[in-house]
Amino acid sequence: MYEFLKTLDRRWVFLLMFLAVATPILLKVTFPEKPSAMVMDVFNAIENLPEGSKVLMAWDFDPASRGELEPMASAFTRHCAEKKLKMYYMALWPLAVPMIQDSIRILEREYPHLEYGKDYMNLGYKPGNEGVIKVVITNIRKLYTTDHYGTGVETIPMMNGVTSVQAMDLIVNVSAGDPGTKQWVQYVATPFKKRMVAGATGVQAPQLYPYIPEQLIGLLGAIKAAAEYEQAVINGYPHLAKIATAKEGLRRMGPQLVGHVLIVLLIILANVIYFIGRRRGDSR
Amino acid sequence: MNNRANAIWAIIFVVAAIFLGWRIATGNFGRVYVKSQQVTVNADDGSVAASWETHTKVPPRDHQEEGVSLSIPRTIGLWAGAILTLCIFSFLYGDNPFYKTAESIVVGASAAYLMVIGFWTQIIPNLIGNIVPDWTRTWATPGLDPEAKADYVYLLPLMLSIMLLWRLAPVGGWISRWPLAFFIGATAGFRLIGFMEADFVAQIRATIIPIWVKDAAGGVDIWASIGALTMIVGVISCLIYFFFSLEHKGVVGKTARLGIWFLMVTFGAGFGYTVMGRIALLSQRLEFLFYEWLWLDSPTADAVSGTASLIMPALGG
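Chains as they are written, first to last, in our numbering: chain A, 241 to 524; chain B, 717 to 1033.
Since the hints were derived computationally from the structure, they do not count as laboratory data.
We put the CB at the ideal spot given by N, CA and C, even for glycine.
It is possible that some hints are incorrect.
What the hints assert, rightly or not - Partial selection, computed: residues in chain B whose CB lies under 7 angstroms from chain A:
1. A796
2. L808
3. Q838
4. P841
5. D861
6. L997
7. S999
8. E1003
Turn these sequences into a full structure, and let the hints guide you.
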């Protein structure tokens, strides 16, 4: 057994991980989530805004991190729609445009009373990374002469009086890397003291925690926080519990639990094999 | 791998192939149904200003409802997404031509997508649209501000762009170094300010906090105090670990060693978060394969198709 485990082919580990993730998905295993204090900070930042407040929804992620970030983006969208906030979507990643369209599809399907141009709009993608942030914080119309669909921004009612991102009451950023939350903190939240919350991938989250609470009100780190935030939104607006797509993050916590247990067991097993090998004087 | 392992893997692949074969034979998977709806926008005088048809994805169980039809482009997209996902997953078994093909498609499609997006979102509205706005409005962006006047300052970035592309010319490649130097200098200055303000000054300020944190009643909040103390000790010990002007021995050495422990905990947290992220990505892909492609009883039958929703608009579905 020792010899087998010591030279275990990594493909067996992949197969085990496939089974660990696939089984809870097929069995639809879910667990209750209790929103943490950090998640409630994010929730309250949106919840405490008065109706009609302007929120910049900066979606900076692409399909590669969709599994982790789409639940957050959808929950932010639903929460802002429930609060009747004005949503301005924009993207610094070219492939974030379909992600924005997915969020807008939620508004069209679940909130048909909300109107494009009055309650929400899609500014679309602009290349230039943090350069775009630097421009829109002082003059949004310099870069965004039209919305994503080619309509002149001066003809869109909710752009009345919006000359820069400084007009926003809150910035909500969902980010998978650079440019993303770090750049929004560096060029908007810190120098202009703008209120900001963010959702980030697990890889990114540890680098962003130091910005809390001075530069970031709160951060949703990885799928666990996404699930907690979904739960917080459902607690606040219980009718959302009937919508299956409003619980995407909650649903993905089943595979997380089994997958993590497997990883922990594999780490323990690898260490046991290492110490047995050392005791035996095995140099390999 | 030994023969026994090869045999087990062969059995796994055969079982998967039989399952797929069974699904294909029964025909109960891999189709996308849509409901079509006519949208009409009336002008102020009541005439039809614009009219178009929208296609909304419906759950397979509703495919016999009125107005629901099979969407061929979306079905092709669904199969393309599923096959490409399996091709990428095949790399876990080992490098192979299927993986290489899928990888090349991703790289090629991404490059083309970026070029098209860059052209229509930057070059047309922000460069050409500013230099010749009237002409741009006639053929590219009718929504451009009718009051817009030509702004010839934008000839400067146009000139820099041409100089940058000059490196492709057989002679005078050095010309591209000037705009490159401009971009590097501007970017460096630009980022320096952001980092100085948000990551240096603001972070120092955020570290200057009381160690004894008081609660609302005026007493000492033990856990908040422990948190504050841990943060301050962590910052100082990590800074000392990276301070190489003093030899790491004695008090300095012990503090630097504590700094290593803090760093290890940070790396561990990063690793844990990364695992969580990767499992989330895997579970999303498996949900796509199980529910959207194989129709294994979706919990979100009304879900917007993942990969298909990205590909289909491009195919007109």
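| field | Hint check against the structure, violated hint numbers in rising order | value | Going through the list in order, the structure violates hint 1 alone and respects the others.
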